[in-house]
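Q: Protein chains in written order, with the numbering used here: chain X, 73 to 359; chain C, 3 to 263.
Don't take each hint at face value.
Said to hold, decoys possible - Computed, partial: chain X to chain C, Cβ under 8 Å: (1) F214; (2) S217; (3) R218; (4) A221; (5) I224; (6) A225; (7) E228; (8) D229; (9) I231; (10) T235; (11) A236; (12) G237; (13) V238; (14) G292.
Said to hold, decoys possible - Only part of the chain X face toward chain C is listed, based on derived beta-carbon distances under 8 Å: (15) V210; (16) N213; (17) A222; (18) A232; (19) E234; (20) R239; (21) Y340.
Hint data in this document are derived by calculation from the structure and do not stem from the laboratory. The structure presented is a predicted model; accordingly, all values stated were derived computationally and were not measured. Beta carbons: idealized from backbone N, C-alpha and C, even for Gly.
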Amino acid sequence: MDYILSIVILAGINMIAVLGLSIFTGFTGLFSLGHAAFVAVGAYTSAILTYYYYVDYYLALAAGAAAAGIVSLIIGVPTLRAKLRSDYFAIAVLGFGEALRVLLENLEITNGARGLPGIDNFTTLPIVFVCLAGGIFVARNFLRSRWGAACIAIREDPIAAETAGVRLFRTRLLSLVVSAVYCGLSGGLLAHFLSFIQPQMFTLVQSTQLLAAVIAGGMGSISGPLIASFVFIALPEALRVAQMWRLVAYGLLLVLIMVYRPQGLMGYSEITSFFRRKSGAEWRRPS
Amino acid sequence: MSEAQTLLSVSGLTKDFGGIRAVDSFSFDVREGSITGIIGPNGAGKTTVFNLVTGLYKPTSGTIRFLGEEIGGRRPDTIVRHGIARTFQNIRLFNRRTCLENVLTPLLQRERCGFLGAMLGLPSVRRMERALHDKAHSLLAALGLDAYASFEASTLPYGLQRKLEIARALATEPSLLLLDEPAAGMNPEETHSLANLIAEVREKFNVTILLIEHHMDLVMNICSPIVVMNFGALLATGTPEAVRENPEVVKAYLGERKEKR
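Okay, chain X solo, but in the shape it has when bound:
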């Protein structure tokens, strides 16, 4: 039972990070291969605060999320101001993420590559659940706000967006910061669940897994990436009986999704739209 519980918690934590990246990649149309770095910033900031300074757990979580948002400005301001194209941007963030990891491996306070053991174990299922639910609520509000509309407009056509009054640089930067805050929160929860973190946990592999969940789940959907991320965490665990084959199954699943549903599991729609009556000309006012 404990085993299943821990998988659910891990999946929930991962879903929060995927939710953030979904805003950035799925809705703003910019790819990133370095978002694990923001998870790392959140994890280390909050862990150091509770480990060395006995800061309140919730305060440490908030500080971790905020720190990730601030760190994202360091890479976001120069690259987004230069209007790097999506793929170049992804590489720039990749380099940034790796550089940050090397930094964590060599700092005194992070205990280097050996990592921080014995972080207090605070994270429980209800806390993860509340964070995830709150995260979904805020993401939904963000996407229907002027900033969210601006993000989606940029994804659809940056030039048309600008001539419709969207501030390109500011909006992209905001989207990056918001996504980094989500990742930072996820990192804080992770550190206080595993009670051990080391730089090796936040490499390109983790960044790729986040991005894979967003793409396989559907760019421009909140529910799709969440489902995909849950499956990607749960499936390898469920397949532990077939040790050797589980990573093959994981890869195969990804390939199959991309071949048969290139737009992702949910495409550009939400799972809730299945329960709603589909009628073309009907116009819905926001409730």
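Given the coordinates of chain X, assemble chain C onto it according to the supplied hints.
A: Just chain C now, with coordinates in the frame of chain X:
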């Protein structure tokens, strides 16, 4: 109408792309309330002028004054806020969004509201959203797109996509609307109804219109004055009749008559 003030004043506008001079010390004025047409052979630099006026390109030299204020070289989103909106020759819509959302996007950008309040979905934000939805809906209705509000923009037929682009441009509440070949790909009947629509839009939304067009009947019917461009420079300007009679214009379009064969 003849006493109307100058809304847009372009003078000595030049744009180089590497060694090619796309626009060559081009000058023209747009009077408030007019429907001004820009015509010229392909590659004359008409769209480049639009891109310069709307801030997508930075001028190499020259000035662009809008209501007396220099706007040349400003960012596109700043220029929109000054009151210049546009459509594109090859339609640029937010394809995977509904018609309503296409119009809602610029409306939302004009709104001032707190970030935190919006993230928490406060009732005051919801009220503002509802008001904007109603506004977007009435804009769609004005262009006859009411029934398509919840359709994805990419699913609309071509002619309606052009109308949607006009609706989206009007949502920025412009005083000058630039239309880049609004009748491209339309048959004579559709072109005729478009001419009526443009006149109607001008009345209803109180906008001045500057348009690029190749359909001569449309231009000659609704535009005055007409500005003729050739090789990036001003060739002629005046009423439709004067432009039609101008030998330089005829030469640019049809070529010179050879004396002997």
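Q: Close enough to count: is the Cβ of A236 (chain X) nearer than 8 Å to one in chain C?
A: Hint holds; A236 (chain X) Cβ to chain C Cβ min 4 Å, cut 8 Å.
Q: Hold the hint about F214 (chain X) up to the distance rule: shortest CB distance to chain C must be less than 8 Å.
A: Where the cut-off is 8 Å and the nearest Cβ of chain C is about 6 Å from F214 (chain X), the hint holds.
Q: Does the CB of V238 (chain X) sit less than 8 Å away from some CB of chain C?
A: Holds - the Cβ of V238 (chain X) comes within 8 Å of chain C, reaching about 6 Å at its closest.
Q: Taking the closest Cβ pair, is A221 (chain X) under 8 Å from chain C?
A: holds (5 Å)
Q: Regarding the hint that R218 (chain X) lies at the interface with chain C, is the smallest CB-CB distance below 8 Å?
A: Given a least distance of 4 Å, the restraint on R218 (chain X) holds.
Q: Go through the hint on Y340 (chain X) and say holds or violated, using the shortest Cβ distance to chain C against 8 Å.
A: Result: holds, 5 Å to nearest chain C Cβ.
Q: Holds or violated: is the Cβ of G237 (chain X) closer than 8 Å to a Cβ in chain C?
A: Where the cut-off is 8 Å and the nearest Cβ of chain C is about 4 Å from G237 (chain X), the hint holds.
Q: Classify the hint on R239 (chain X) as holds or violated, based on whether any CB of chain C lies nearer than 8 Å to its CB.
A: holds (5 Å)
Q: Per the CB criterion, is I224 (chain X) less than 8 Å away from chain C?
A: holds (6 Å)
Q: For the hint on A225 (chain X), just tell me whether its beta-carbon gets within less than 8 Å of chain C.
A: holds (5 Å)
Q: Closer than 8 Å between Cβ atoms is the bar; does G292 (chain X) clear it against chain C? Give me holds or violated.
A: holds (7 Å)
Q: Taking 8 Å as the limit, does the beta-carbon of E234 (chain X) come near enough to a beta-carbon in chain C?
A: holds (4 Å)
Checked against the numbered hints given earlier, this structure breaks none of them.
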